[in-house]
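Participant: Sequence lines, in order, name chains X and A. Sequential numbering from 943 applies to the first sequence in my numbering. Sequential numbering from 943 applies to the second sequence in my numbering.
Simulated from the structure, these hints should not be mistaken for lab results. Take the hints with a grain of salt, since some may be wrong.
Identical copies carry no separate label here, and so any pair may be met within one copy or between two of them.
Straight-line C-alpha distance at most 30 Å; calculated DSS-like pairs for lysine-lysine [what the hints assert, rightly or not]:
no. : residue 1 : residue 2
1   : K1206     : K1195
2   : K1195     : K1048
3   : K1206     : K1228
4   : K968      : K1195
5   : K1195     : K1228
6   : K1104     : K968
7   : K968      : K1206
8   : K1163     : K1228
9   : K1186     : K1163
10  : K1016     : K1048
11  : K1228     : K1016
12  : K1195     : K1098
13  : K1186     : K1228
14  : K968      : K1098
15  : K1206     : K1163
16  : K1163     : K968
17  : K1104     : K1228
As a plain string of letters, each chain reads:
Protein chains: 2
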Amino acid sequence: MTPKIHTRRSVGVVSTQFFHYVNPAKPFRLRVGGELPEFTLAYETYGELNADRSNAVLVYHAMTGSQHAAGINKHVPGVGSRWTKEMHIGWWDGFIGPGKAVDTEKFFVICANYLGGCYGSTGPASINPATGRPWGSAFPVLRFVDIVESQMLLLKHLGIPKLHAVIGGSIGGFLALLTATRYPDFVRIVVPIATGLETTIYQRIINFEQITAIESDPNFKGGDYYDGPYPEVGLALARRIAHKTFVSLEDLKERARDEVVSHKPPYGWYEMNHPVESYMYHQGQKFVRRFDANSYLRIVDAWQLV
Amino acid sequence: MTPKIHTRRSVGVVSTQFFHYVNPAKPFRLRVGGELPEFTLAYETYGELNADRSNAVLVYHAMTGSQHAAGINKHVPGVGSRWTKEMHIGWWDGFIGPGKAVDTEKFFVICANYLGGCYGSTGPASINPATGRPWGSAFPVLRFVDIVESQMLLLKHLGIPKLHAVIGGSIGGFLALLTATRYPDFVRIVVPIATGLETTIYQRIINFEQITAIESDPNFKGGDYYDGPYPEVGLALARRIAHKTFVSLEDLKERARDEVVSHKPPYGWYEMNHPVESYMYHQGQKFVRRFDANSYLRIVDAWQLV
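Input sequences plus hints: build the corresponding full structure.
Facilitator: Shown next as structure tokens:
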């Protein structure tokens, strides 16, 4: 008997949608303080909302993920030339689609880029309407509850009275749990993956390492770097510090096997001498082309409070 | 019956000794290339060499350790004002002494600072006789075999025909194994502790993170920073990256329990918010007062080749 999962079926070509929150009488207030006079969330949906609006599934992406969870989208916004071809396919295309684990023949799936993110949602790289320049260091302090609340406004906008399920991995799992605990009557099923109820000591330590790596890059300039060179060395180091923790080391060794070791010292005197160094180096370099350093810092900051 | 180990007995006050290698006809050639026209090793000894010279025990310190393994020494050289009071007591005083695990009533114990180190042995911070200025980036590339060979010259100078034992933890363990495999007839017992025969993938990755942290500190200037500000942010980050791997996380959490969280952001925008961050931050800050960034980089470089 053939299994019923059709791994080769895709939701097809998808496009980004935008939810703009503008309400001069009621700016979006953030947990710690400060407010956004308006904000945008970039999101995608897959499948159809049924007549009784009971089949909505909210998927939270992981820290550096995007709203592009399934199908093919060649025009994910917000990252400009930093977007790489391999990201045209949604990051969870293996799980979301017709007949897949999150079956789009049954469910209406929504995935939105975090508030504070850099894929079309309002974040530190967005223009601050008060100044006409990127928010940078002036972007309000973000907490996970703000990300959840902004997505609740999106769900309201989409006319979702209750979620069939909320799903997320890593930070996405924290957000799924937070959504369910804040709104227990609004969520039927919670699927937290590779996550927990609090930040572990190890995670807290490596998050702090990443914060240091970004903030001490001289190009970071406290977060106001949009007119100057990009703090790519610090951000790439942060990414490498994280990368080893979400890929199995055996797998990483295997993937690095065919890596050609560059003989050009990337940071100064030290020459790489092992494929795994070269592999990690390129993971960092690839990442900085697609992610904003301020978004990274602000999300890690929120993470440290869980 | 009382156990025979008298943990409160100490070898007492000790002082640093120096071995100067100078042989114009035969400079010390390093494995990769380059040579040192002369070099110094700073070392300490405990106990007495017996009449038939059969009771010598060589102890290799770990990466950032020193020759000051036991007893009390208020004048360990080479680190100037960076030396902290808590380091007056030898780093392995609990194990080396009369009646202790490495019994100085039986053995003649030798511990020398690595070639390339910063506690009185010749290293990148030492004066290059050819220029009258610190070696810095011009210090020859170091391999573990060079550290072993320099200590073999010291043992020869001390008139040791054969070691009763060679002991070392972490990198010291690599060096102990290397000594024993290069000179099997010279070593009776090998005690490698918390070490292995090769660098693991995880270690290789975090070593590379540390290299990046040091080299990308703008004060590092490729290793020629002795006239300017110290690359302390990069070195402190490197130390923190390492620190979490040689202390149990449970222990670390416990030690951090009473840490006061500073509200002054140490690197920019991000404010620490948990005792473990503050604890790790202070581990980094303490370390940069006592260790040279070039020594750190050069030893990690050698480590990557194991």
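Participant: All hints are to be evaluated individually against the structure, with a verdict given for each.
Facilitator: Going down the list of hints, with the structure as the test:
no. : hint          : result
1   : K1206 / K1195 : within (21 Å within a copy, 40 Å between copies)
2   : K1195 / K1048 : neither (39 Å within a copy, 46 Å between copies)
3   : K1206 / K1228 : within (17 Å within a copy, 33 Å between copies)
4   : K968 / K1195  : neither (52 Å within a copy, 43 Å between copies)
5   : K1195 / K1228 : within (18 Å within a copy, 34 Å between copies)
6   : K1104 / K968  : within (24 Å within a copy, 82 Å between copies)
7   : K968 / K1206  : neither (54 Å within a copy, 33 Å between copies)
8   : K1163 / K1228 : both (22 Å within a copy, 26 Å between copies)
9   : K1186 / K1163 : both (27 Å within a copy, 28 Å between copies)
10  : K1016 / K1048 : within (26 Å within a copy, 74 Å between copies)
11  : K1228 / K1016 : within (18 Å within a copy, 50 Å between copies)
12  : K1195 / K1098 : neither (45 Å within a copy, 42 Å between copies)
13  : K1186 / K1228 : both (15 Å within a copy, 27 Å between copies)
14  : K968 / K1098  : within (16 Å within a copy, 82 Å between copies)
15  : K1206 / K1163 : both (27 Å within a copy, 17 Å between copies)
16  : K1163 / K968  : neither (32 Å within a copy, 51 Å between copies)
17  : K1104 / K1228 : neither (38 Å within a copy, 53 Å between copies)
The structure fails hints 2, 4, 7, 12, 16, 17 (numbered hints given earlier, in ascending order).
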